[in-house]
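Asker: Below are the chains, spelled out letter by letter.
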Amino acid sequence: MGNDTPRLVAKPPPNIELNTEIRNLDNEMHIHIESDADIVVAREQGRAIGRSIGFSSTDLTIIATAISEIARNILVFAKSGEIILGTADQGDRRCITIIAEDKGPGIRDVSLAMRDGFSTGRGLGLGLPGTRRLMDEFQLISSPGKGTTVTMKKWITRNG
Amino acid sequence: MEVPILKQGGYLIATIQAALSDADLIRLQDALVEQVGKFRSKGVIIDVTALDVMDSFATRTLRSIAHMIKLRGAETVICGIQPEVAFAMVQLGLTLEGISTTLDLEEGLALLNQRMLKRGGVHGK
Amino acid sequence: MAKKDEARFSEVELEQGTEESIGELLRQLVAHLRQNRTQLRQEWARRITQAKLLTAMSQDEIFAEATTIYDNYVEALESGTFEALQGYARNLSERIIPRGVETHEVIGIVLLLRDVLARSLFAKYQHDFSLLNRILDAYEPAANRIANTVAVGFVQERERTIRQQQEAIRELSTPVLQVRERLLILPIIGVIDPQRARQLTEQLLRGIRTNRAKVVVIDITGVAAMDSNVANHIVQTVEASRLLGATVIVTGLSPEIAQTLVTIGVDLTKMNTVGDLQGGIEEAEKLLGYKVLILGETSTTIQTT
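Protein chains in written order, with our numbering: chain D, 1 to 160; chain Z, 1 to 125; chain H, 1 to 305.
There could be a bad hint or two in this list.
Calculated pairs, BS3-like style, for lysine-lysine (alpha carbon to alpha carbon, straight line, at most 25 Å) [as the list claims (entries may be wrong)]:
hint: 1; chain 1: H; residue 1: Lys286; chain 2: Z; residue 2: Lys118
hint: 2; chain 1: Z; residue 1: Lys70; chain 2: H; residue 2: Lys286
hint: 3; chain 1: Z; residue 1: Lys70; chain 2: Z; residue 2: Lys38
hint: 4; chain 1: H; residue 1: Lys270; chain 2: H; residue 2: Lys286
hint: 5; chain 1: Z; residue 1: Lys118; chain 2: H; residue 2: Lys124
hint: 6; chain 1: Z; residue 1: Lys118; chain 2: Z; residue 2: Lys38
hint: 7; chain 1: D; residue 1: Lys146; chain 2: D; residue 2: Lys103
hint: 8; chain 1: Z; residue 1: Lys38; chain 2: Z; residue 2: Lys7
hint: 9; chain 1: D; residue 1: Lys79; chain 2: D; residue 2: Lys146
Simulated from the structure, these hints should not be mistaken for laboratory data.
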């Protein structure tokens with residue numbers, strides 16, 4: 001009863017290359033992740049930043065959930081790391097950028113980690129395919145011994 | 001932050017607050033399992049109305065709680081999942097399959113009562 | 001080698017010379033535009049009317065807007081900053097879009113202004129071709145940027161308006177209907193793009209909470225095309241509704257669509273499906289007539305008084 005049955009999941013878009021510069025962030029905020037309480041801080045900050053650029057309450061929850069997932073990965077696999085939050089503009093669009101960085105063991109097989117078709121709990125248990133579905137842009141860079149960086153963005157069009 | 005657990009007749013009602021850390025959730029699991037045994041409760045309602053994020057950890061832990069409580073002969077109902085949270089959960093692919101979920105506490109109690117009637121056991125009043 | 005250095009040196013000199021002069025040239029330009037403000041604005045307004053642009057506005061209105069745009073234009077040329085112009089462009093667009101002004105008109109008037117100003121520059125500097133050239137060199141990039149700013153500002157504003165209108169239409173066309181107490185019906189009709197799909201789900205979930213619905217009937221008879229994305233969306237909607245304590249009945253599943261869903265990988269045994277909407281409503285009423293709703297198992301029902 002506890003096991004997830006394979007459920008229908010829309011084919012996720014390919015690992016979308018970030019087409020906007022990452023480090024040109026406004027409102028940049030760093031949150032050090034070392035305990036589960038830090039995860040809560042990170043997602044509340046994410047919520048606050050998201051709210052300040054006008055995301056709907058549903059999107060705010062989605063943002064907070066995505067942050068929670070990747071922040072917890074840091075804790076579980078790397079013991080500590082950083083969450084970097086920020087915003088950026090592009091014409092009449094704005095985005096929230098979320099970066100999770102750690103110097104942990106790294107992921108040997110990135111494509112396996114991103115394998116989808118099953119609910120969270122498969123694909124190495126990192127919850128990455130699901131997290132990717134929540135965001136508009138998603139990039140995973142990792143290799144054994146070199147740590148992991150996850151970068152995600154969610155866009156909103158200025159709606160007056 | 002400790003999650004308050006209320007005893008109401010044959011049921012236990014745990015009301016979760018917003019900023020729930022992983023450790024809080026584990027503590028809740030231990031507390032509920034202990035109290036179900038201590039009071040011989042027949043049902044547990046976990047009210048997540050104030051929970052603003054349900055991620056994979058929270059989902060796994062809630063399922064684990066329900067499982068352990070069932071081993072002690074009690075039913076678990078989760079009430080109060082917010083629309084935005086439900087939306088994010090299904091997008092993420094999280095499921096609470098196997099656990100009854102209701103809109104709110106009132107519905108949760110009603111559901112447990114009906115189950116108890118069916119079982120012929122004690123129901124909370 | 002020496003010659004090369006020399007050449008480079010004189011190039012640098014020339015560049016530096018030009019650098020310093022650009023500011024000076026723009027100052028001359030701005031002074032000219034300020035001195036001739038009256039005639040140039042009038043000329044511009046005249047040509048706007050002649051080209052049959054901004055027909056939705058009266059002469060006075062055209063002149064008033066022309067004045068403000070002109071002043072902002074000169075301001076942007078002088079300061080080299082465009083924030084004020086951007087703000088004005090948005091503001092202008094917000095006002096004229098409801099009047100029915102179209103994109104080609106806005107681009108048209110901006111290009112006309114460029115032309116009016118360029119011609120006046122020709123007239124003024126016709127005796128000094130080299131100076132005219134240098135002034136145009138200074139004028140061109142700035143004028144381009146200004147034209148761009150205004151046009152893009154207008155287009156963005158128009159797109160925003162269109163999006164809002166689409167949103168409103170979507171909202172109106174995806175009603176979540178309460179037909180009985182605690183029973184909601186969501187008829188899904190037409191094409192479901194991701195945005196609409198999401199809006200449907202959000203509306204339904206909010207509706208479940210507001211109406212304290214215990215049963216939801218989702219009718220897909222009118223769905224234009226069933227593919228894995230749409231199917232996936234429906235499955236997600238069903239699952240999310242269950243999390244809010246509602247039982248979902250999916251109706252309007254033709255045998256063909258059912259086959260498609262199964263092929264895609266949807267587990268229909270986990271979904272409560274009924275042939276048509278009427279049957280679905282009857283099923284829902286039956287469910288509501290009983291007090292016990294056991295989710296996920298075969299429905300064993302107990303009738304209460």
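Asker: Going straight from one Cα to the other, do Lys146 of chain D and Lys103 of chain D come out at no more than 25 Å?
Answerer: 6 Å, holds
Asker: Decide if the proposed pair is consistent with the structure: Lys70 of chain Z and Lys286 of chain H, CA atoms, cutoff 25 Å inclusive.
Answerer: 30 Å, violated
Asker: Is Lys270 of chain H close enough to Lys286 of chain H, meaning Cα to Cα at most 25 Å?
Answerer: Between Lys270 of chain H and Lys286 of chain H the Cα gap is close to 19 Å, so the pair holds against 25 Å.
Asker: Tell me if the straight-line CA distance from Lys38 of chain Z to Lys7 of chain Z falls inside 25 Å.
Answerer: Given that 25 Å is the threshold and the Cα spacing comes to 11 Å, the pair holds.
Asker: Taking only the CA atoms, is the gap from Lys79 of chain D to Lys146 of chain D under or equal to 25 Å?
Answerer: Measuring from Cα to Cα gives roughly 15 Å; hence the hint holds.
Asker: Verify the proposed pairing of Lys118 of chain Z with Lys124 of chain H, using a straight-line Cα cut of 25 Å.
Answerer: Not satisfied, since the Cα-Cα distance of roughly 98 Å exceeds 25 Å.
Asker: Would the hint linking Lys70 of chain Z and Lys38 of chain Z be met if the CA-CA limit is 25 Å?
Answerer: Holds. Lys70 of chain Z to Lys38 of chain Z sits at ~15 Å (cutoff 25 Å).
Asker: When you check the alpha-carbon spacing of Lys118 of chain Z and Lys38 of chain Z, does it fall within 25 Å?
Answerer: 24 Å, holds
Asker: Assess, step by step, whether the Cα of Lys286 of chain H is no farther than 25 Å from the Cα of Lys118 of chain Z, and give holds or violated.
Answerer: Cα-Cα ~19 Å, so holds.
Of the numbered hints stated above, those contradicted by the structure are hints 2 and 5, listed in ascending order.
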